[in-house]
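Number of protein chains: 2
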Amino acid sequence: MEMDLNAQVKKAGFLQRLKEFPIKLKDGVTKRIKNVQKFGKDDPRRIIHSLKVGLSLTLVSMLYYVRPLYNSFGVSGMWAILTVVVVSEFTVGGTLSKGLNRGFATLIAGALGVGAVHLARFCGDKGEPIVLGIFVFSLGAAATFSRFFPRIKQRYDYGALIFILTFSMVAVSGYRTDEILVMAYQRLSTILIGGTICILVSIFVFPVWAGEDLHKMIANNIIKLANSLEGFEGEYFPSSEKTSKETNSCVQQYKSILTSKSTEDILANLARWEPGHGRFRLRHPWTKYLKIAGLVRQCAFHLEILNGYVLSDVKIPQDFISKIQEPCSIMSREACEALKAIAKSIKTMKRDSVCVNAYIENSKNAIQNLRIALKTSSPETEKDLLEIIPGVTMASILIEIVNYVEKISEAVEEFTGLAHFKETPDPKVSPELGQHQLLHRGSVKPVLEGDSEEENNSSPHVVINVHDEQPPTTSEKKVSVQKTRVGVV
Amino acid sequence: MEMDLNAQVKKAGFLQRLKEFPIKLKDGVTKRIKNVQKFGKDDPRRIIHSLKVGLSLTLVSMLYYVRPLYNSFGVSGMWAILTVVVVSEFTVGGTLSKGLNRGFATLIAGALGVGAVHLARFCGDKGEPIVLGIFVFSLGAAATFSRFFPRIKQRYDYGALIFILTFSMVAVSGYRTDEILVMAYQRLSTILIGGTICILVSIFVFPVWAGEDLHKMIANNIIKLANSLEGFEGEYFPSSEKTSKETNSCVQQYKSILTSKSTEDILANLARWEPGHGRFRLRHPWTKYLKIAGLVRQCAFHLEILNGYVLSDVKIPQDFISKIQEPCSIMSREACEALKAIAKSIKTMKRDSVCVNAYIENSKNAIQNLRIALKTSSPETEKDLLEIIPGVTMASILIEIVNYVEKISEAVEEFTGLAHFKETPDPKVSPELGQHQLLHRGSVKPVLEGDSEEENNSSPHVVINVHDEQPPTTSEKKVSVQKTRVGVV
Numbered sequence: 001m002e003m004d005l006n007a008q009v010k011k012a013g014f015l016q017r018l019k020e021f022p023i024k025l026k027d028g029v030t031k032r033i034k035n036v037q038k039f040g041k042d043d044p045r046r047i048i049h050s051l052k053v054g055l056s057l058t059l060v061s062m063l064y065y066v067r068p069l070y071n072s073f074g075v076s077g078m079w080a081i082l083t084v085v086v087v088s089e090f091t092v093g094g095t096l097s098k099g100l101n102r103g104f105a106t107l108i109a110g111a112l113g114v115g116a117v118h119l120a121r122f123c124g125d126k127g128e129p130i131v132l133g134i135f136v137f138s139l140g141a142a143a144t145f146s147r148f149f150p151r152i153k154q155r156y157d158y159g160a161l162i163f164i165l166t167f168s169m170v171a172v173s174g175y176r177t178d179e180i181l182v183m184a185y186q187r188l189s190t191i192l193i194g195g196t197i198c199i200l201v202s203i204f205v206f207p208v209w210a211g212e213d214l215h216k217m218i219a220n221n222i223i224k225l226a227n228s229l230e231g232f233e234g235e236y237f238p239s240s241e242k243t244s245k246e247t248n249s250c251v252q253q254y255k256s257i258l259t260s261k262s263t264e265d266i267l268a269n270l271a272r273w274e275p276g277h278g279r280f281r282l283r284h285p286w287t288k289y290l291k292i293a294g295l296v297r298q299c300a301f302h303l304e305i306l307n308g309y310v311l312s313d314v315k316i317p318q319d320f321i322s323k324i325q326e327p328c329s330i331m332s333r334e335a336c337e338a339l340k341a342i343a344k345s346i347k348t349m350k351r352d353s354v355c356v357n358a359y360i361e362n363s364k365n366a367i368q369n370l371r372i373a374l375k376t377s378s379p380e381t382e383k384d385l386l387e388i389i390p391g392v393t394m395a396s397i398l399i400e401i402v403n404y405v406e407k408i409s410e411a412v413e414e415f416t417g418l419a420h421f422k423e424t425p426d427p428k429v430s431p432e433l434g435q436h437q438l439l440h441r442g443s444v445k446p447v448l449e450g451d452s453e454e455e456n457n458s459s460p461h462v463v464i465n466v467h468d469e470q471p472p473t474t475s476e477k478k479v480s481v482q483k484t485r486v487g488v489v
Numbered sequence: 001m002e003m004d005l006n007a008q009v010k011k012a013g014f015l016q017r018l019k020e021f022p023i024k025l026k027d028g029v030t031k032r033i034k035n036v037q038k039f040g041k042d043d044p045r046r047i048i049h050s051l052k053v054g055l056s057l058t059l060v061s062m063l064y065y066v067r068p069l070y071n072s073f074g075v076s077g078m079w080a081i082l083t084v085v086v087v088s089e090f091t092v093g094g095t096l097s098k099g100l101n102r103g104f105a106t107l108i109a110g111a112l113g114v115g116a117v118h119l120a121r122f123c124g125d126k127g128e129p130i131v132l133g134i135f136v137f138s139l140g141a142a143a144t145f146s147r148f149f150p151r152i153k154q155r156y157d158y159g160a161l162i163f164i165l166t167f168s169m170v171a172v173s174g175y176r177t178d179e180i181l182v183m184a185y186q187r188l189s190t191i192l193i194g195g196t197i198c199i200l201v202s203i204f205v206f207p208v209w210a211g212e213d214l215h216k217m218i219a220n221n222i223i224k225l226a227n228s229l230e231g232f233e234g235e236y237f238p239s240s241e242k243t244s245k246e247t248n249s250c251v252q253q254y255k256s257i258l259t260s261k262s263t264e265d266i267l268a269n270l271a272r273w274e275p276g277h278g279r280f281r282l283r284h285p286w287t288k289y290l291k292i293a294g295l296v297r298q299c300a301f302h303l304e305i306l307n308g309y310v311l312s313d314v315k316i317p318q319d320f321i322s323k324i325q326e327p328c329s330i331m332s333r334e335a336c337e338a339l340k341a342i343a344k345s346i347k348t349m350k351r352d353s354v355c356v357n358a359y360i361e362n363s364k365n366a367i368q369n370l371r372i373a374l375k376t377s378s379p380e381t382e383k384d385l386l387e388i389i390p391g392v393t394m395a396s397i398l399i400e401i402v403n404y405v406e407k408i409s410e411a412v413e414e415f416t417g418l419a420h421f422k423e424t425p426d427p428k429v430s431p432e433l434g435q436h437q438l439l440h441r442g443s444v445k446p447v448l449e450g451d452s453e454e455e456n457n458s459s460p461h462v463v464i465n466v467h468d469e470q471p472p473t474t475s476e477k478k479v480s481v482q483k484t485r486v487g488v489v
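Chains as they are written, first to last, in full-length UniProt numbering: chain A, 1 to 489; chain B, 1 to 489.
A couple of the hints might just be wrong.
Note that identical chains are pooled: a pair holds if it fits in a single copy or bridges any two copies.
[Claimed, not checked] Calculated lysine-lysine pairs in the DSBU-like style (CA-CA distance at most 30 angstroms, straight line): (1) 407 - 422; (2) 216 - 422; (3) 291 - 315; (4) 291 - 153; (5) 153 - 216; (6) 291 - 255; (7) 153 - 41; (8) 288 - 261; (9) 153 - 24; (10) 407 - 10; (11) 38 - 153; (12) 315 - 364; (13) 126 - 315; (14) 347 - 38; (15) 261 - 216; (16) 216 - 19; (17) 364 - 255.
No lab work stands behind these hints, which were simulated from the structure alone.
Looking at chain A on its own, in the form it has when it is part of the complex (with noise of 0.2 angstroms):
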């Protein structure tokens, strides 16, 4: 009786899953479609890239069905296509780097091929396989062994490729047809019909280009940590005006930076094959960013270990933290308002130092600030030295990210004078920018009490009037974003 009873449960429940199967394939369908949408929502260029893929095979086809090109290339003409799978990649750095290897490689290789073969001939019918043999094995492994080397290996490692297949293939065949020539010569003009098609479609159909990516990935990796530093101090230092959930998505942003270092030297690599385009002259200065990117890079690490205190449960005694916020968030606001300014020079590829200065110069006076603080709150201070650890490390830690930020800031400057950036048209606009950026951020702290030590470089009381009318000189402006900062409550 049981087994029955649990036979017909097994059965009903078989059932229902084979009535809801439909449902859930559907449902599994519908969702893997959105799925695949969003990831071609989410960079349209590879949805582009894929039809210029296809576009490229299309057009290489046609040496097979234009009667006139079959005829004068016959199977051959596999190479081209072959080429063009092989060539077709997303950027036309790296597009022209694979297309250029193959086509010198395979001339090189063709040539010593053919030699080869001549030479093997005079060592008789029994020799010549032999001779053959002992060219392909030592060609082959010094081309092999040469793609270990760091420099070939970043630049030429395809060509290498290239060079070992179509030399073993011109050499080994050459065994067997007399028409080497002939062969070698379809091998090569087709990779370079194929090759063409490559490059073609890749540079005039919506090309991308993989300097300019690694130009965009550098400002926006500046702006990560400009977001993450302006997260760290909503998460320690709360106001009212954001949540804790907003800002802590944020602080993560520096994240992806830790481990960004293969790609850049990946883009940086294909964007040197690539001609002058856009805003970018031939010669760019693309090893420069990895400079900037060096130094980002250790930013982040200081994010890391300070995004280690901000998620700690470690608490640091209110009136240490009342003494130190105001400065240590000055410091922050003002590095992430340069990192932002610096962000923002190298997008528009102009040059603004005097903001970025400003805000830098900001950020070292809170520095000092912070010092004084420190230097005076200890001794009277009755909470012993332990208790104030944590907060001493974040403070010393901001600070190194302040300095790290001037020697980003110093790297960006040298930078943009090798890639000739365009200084801006009025230097008045620019002070003024900044306080439409400032106003904008409304992220206002109110005045904390024991913040007396702070008078001497403003005063808590002034409100300022950010007109359009009157744009103030630089000097103006550097007092007035910190009277704007502390002053209005």
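The hints should help you fit chain B onto chain A, whose structure is shown.
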């Protein structure tokens, strides 16, 4: 006259350079040869791999040299050569991944291609190329798009490429030849021959296993951390035995870990393609290595920040240093020993949690001592907070490092269970071994004044005899480790 003199000087200079040219050329060539030799010696597996590729190429050439083989495969033999060149990767995992991807993709795409050609033939002479073109365009674009998905990109990128290649070639050449089945069969069989040769050579001739490389890399990274920590200790609390230069080179060892993520990801991905080999079973938990590697990298981030303090010119007051020196020194040394024990346990694939836990316990005790030192030091000290900030930050980061060492140890402990590590056969051996290491290290610090608060856990005048006859038990060992460190002056 002057011009004459100039010309004479120029001529003499030119002749001089002409004379020196052969010597310079010879120097340049010998220098380059030495570089290449050194490069090969650094990792002899590179030379072996190059010879293996040469061997595979020679083997596959037989398809042309041996008459009966040539008669059955003909010109299709070149697909075998092509396969050998493209599939021959440095590691077994790489070769297997590419070989299997190539084989299966060719099979599937070949079948689909033949189907597409038969379908297109129903559409008449005019319709055939159009239908084929639509097929090639749409499948090519779809497969290209699929290569963007991270999951496919990670494991089946090469398969997708070969799919596009084979499908296009079969479909397009099907328009011109009637022997399409023969062609597809020949292509598939020659690719199988080439792939099999590669895989056999890769596995049976001096194999390089990606899994083993990953395993060693993680263990070495942990050792690098330990060395850096040791170097840091030597740098910041220098003893007479080590020169600053020697330790400085050690401090920098962690640097390579900061950016090793991409290499680790690639190796873990390739390792999953490999069959069981040596000490590794088929379903070895390769992905768990990445978790450990992530924690190791976190630890390296902290060392990077610490290194910033070592290199900075900030001087910490000597009396504060002497207060925190003892516990900080013990903390880093014990954490360093723990890391070495963890690395050894991974390398030998033997569990040794007793030993590791003892070191970590000692290290955590030292943190408590540091806390006591800081707690007691703050009210008495006359120095203000500002001067000791770098010291406090340093100590704080050091504490974080110890916490991460504990996390690494826990992750490794979990991993050893999954990977079926052996228990250390004789529990008595391990503590004894720990002491041998201690005596061997010889980085014993002189006892400093003002260490009275450390008396509670170690008497400074005890001298320990370590004999092989009487290995101490674990609990004895813990004490004796500290005694050796602190006491032997």
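Inset, instruction - Could you tell me which of the numbered hints above are not met by this structure, giving the numbers in increasing order? - result: 10, 13 and 16
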